[in-house]
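Residue numbers (this note's numbering), protein chains in the order written: chain A, 166 to 309; chain B, 166 to 309; chain C, 166 to 309; chain D, 166 to 309.
Be aware that a few hints might be false.
In this list, chains with the same sequence are indistinguishable; a pair is considered to hold if it fits within one copy or across any two.
Below, in silico cross-link-like pairs of lysine-lysine (BS3-like), each with a Cα-Cα straight-line distance of 27 Å or less [unchecked claim]:
#1 218 x 288
#2 210 x 273
#3 273 x 288
#4 218 x 273
Hints are computed from structural coordinates only; laboratory data are not their basis.
Number of protein chains: 4
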Amino acid sequence: MSTDASNTPFPLFITPMDVRWQDMDAYNHVNNANYLVYLQEARLKWLQTLPGKWYSEEGAPVMAHSEINYRLPIEWPADIQIELFVNRLGTSSMTVGHRIVDSDDATKIHADGSVTMVWINTKTGRPVALPQAIRDAVAEAQDA
Amino acid sequence: MSTDASNTPFPLFITPMDVRWQDMDAYNHVNNANYLVYLQEARLKWLQTLPGKWYSEEGAPVMAHSEINYRLPIEWPADIQIELFVNRLGTSSMTVGHRIVDSDDATKIHADGSVTMVWINTKTGRPVALPQAIRDAVAEAQDA
Amino acid sequence: MSTDASNTPFPLFITPMDVRWQDMDAYNHVNNANYLVYLQEARLKWLQTLPGKWYSEEGAPVMAHSEINYRLPIEWPADIQIELFVNRLGTSSMTVGHRIVDSDDATKIHADGSVTMVWINTKTGRPVALPQAIRDAVAEAQDA
Amino acid sequence: MSTDASNTPFPLFITPMDVRWQDMDAYNHVNNANYLVYLQEARLKWLQTLPGKWYSEEGAPVMAHSEINYRLPIEWPADIQIELFVNRLGTSSMTVGHRIVDSDDATKIHADGSVTMVWINTKTGRPVALPQAIRDAVAEAQDA
Chain A
166 MSTDASNTPF PLFITPMDVR WQDMDAYNHV NNANYLVYLQ EARLKWLQTL PGKWYSEEGA
226 PVMAHSEINY RLPIEWPADI QIELFVNRLG TSSMTVGHRI VDSDDATKIH ADGSVTMVWI
286 NTKTGRPVAL PQAIRDAVAE AQDA
Chain B
166 MSTDASNTPF PLFITPMDVR WQDMDAYNHV NNANYLVYLQ EARLKWLQTL PGKWYSEEGA
226 PVMAHSEINY RLPIEWPADI QIELFVNRLG TSSMTVGHRI VDSDDATKIH ADGSVTMVWI
286 NTKTGRPVAL PQAIRDAVAE AQDA
Chain C
166 MSTDASNTPF PLFITPMDVR WQDMDAYNHV NNANYLVYLQ EARLKWLQTL PGKWYSEEGA
226 PVMAHSEINY RLPIEWPADI QIELFVNRLG TSSMTVGHRI VDSDDATKIH ADGSVTMVWI
286 NTKTGRPVAL PQAIRDAVAE AQDA
Chain D
166 MSTDASNTPF PLFITPMDVR WQDMDAYNHV NNANYLVYLQ EARLKWLQTL PGKWYSEEGA
226 PVMAHSEINY RLPIEWPADI QIELFVNRLG TSSMTVGHRI VDSDDATKIH ADGSVTMVWI
286 NTKTGRPVAL PQAIRDAVAE AQDA
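Working from the sequences, and respecting the hints, build out all of it.
If you want it as structure tokens, here you go:
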């Protein structure tokens, strides 16, 4: 991974997401808070694909920042997928860009934005270096 | 309300929020998505205090943007309150700043950020002018 | 469908269910309330397969009763599926039996129980006759 | 507590419940699954009032059964409260009866039913004797 890698977003992972009827609110659209649930589940699906360990008591990810642009409402039923990007890789943090798009037409964007996670020591609460498993997976995605 | 009102944040509303055990995730902290639920409930509590009509088929608020800085985890049980601010008032939009703070010590900030809502005609999907009830309430808050 | 059909449970529908990390609570198991969400989503997936109309203002299903035996905790990640049965068909009501089982081993039962729905006129609140689409689908399932 | 205590329901605890807009589903009523959330939060509020320890690795409550009769929909906003009863006390289990009623008129019953919890050793999964804190609190409630 080149040294300027952290500044150019590149694709990391794509996964379909099952939209539940329960995800809708009284407006008959998927509630705004559930977008964060979708992003979380997509990140976890990505993390589960890693061969190495991305989580331990000495280094666990916590949310530092989230940002969402709501562009098109998500109705039910819907076929959507979540696209994850690497926006920035820091010493202890990772900013994952995201888009929620129509499965049949990825130009139909329901939402985009980013989520920043910081890896911390769960006992001290202090930031720690990103796990090697994360760095390896990101480097592999960048080279793909 | 003066013409530059929209650029200087000022307090709008404060409400306590009941933290449910259910709001926690497997990390034993309130899940990041539920912060948006808390903000939504706080906004609705504010909107319910308005004497005038803030919602109709001709003008209903939809989410355009949300942004959260996660600063301190929220555990259970917890005594928290939500502070809302007016960050910006546009022709059809309103950006509400927010802080989630400890009820006993408002300097203990669990999260801050903002949410932008746009009022639209629910039939056409087009932005409409902010309801007068919103403008009046914001002007009153600013003068307070 | 024979006249005593309503008293002998028979299989209606099976669907896999995507278990979200979000579905877990602070005990690291899927929260008890989310079992009802899974059942709801399974029922809706079944209802969506019906060729006829099962829902209108003159006849919409509302929950009358739910009953769950929690037998084995559901962890994450998990491969589960929901099995639906027809336990009883009344004039305006339908009791759907259910089981949540392991996808690889349906004898590993996480939960079972039943849910009773009553079709009502949404304006009057009064029970109405089950839609023909429901009766047809149930008859077809029974004959299968 | 008399020996036949376990068979006669008696009041245990009453608590108001904050109904969130988020609790509603696309039908504009509180979703059926959230009734279990309300009951869970009410039980926890009761458990938090106990002077003694009701939870440890050697004895933690897990859900064994839930049963709900849905009688009147819950809309938003709503003022409701949860009433808990002791329906039955076993060696390792406790069956809590419940009612969700209107705060201003407890004869307006939105739902009733019961939840059975079993205390287990979290390592072995085996049932253990109910904690003394539970038995004491129940005895006190019965004598009140």
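For each hint, the structure was consulted:
1. Within a single copy, residue 218 and residue 288 get their C-alpha atoms as close as 18 Å, and across copies as close as 25 Å, so both meet the 27 Å cut-off.
2. For the identical chains of this complex, residue 210 and residue 273 are neighbours both inside a copy (23 Å) and across copies (25 Å), given an alpha-carbon limit of 27 Å.
3. Taking identical chains as interchangeable, the C-alpha atoms of residue 273 and residue 288 lie at most 27 Å apart only when they sit on different chains, with a minimum of 20 Å there against 43 Å within one chain.
4. For the identical chains of this complex, residue 218 and residue 273 are neighbours neither inside a copy (35 Å) nor across copies (30 Å), given an alpha-carbon limit of 27 Å.
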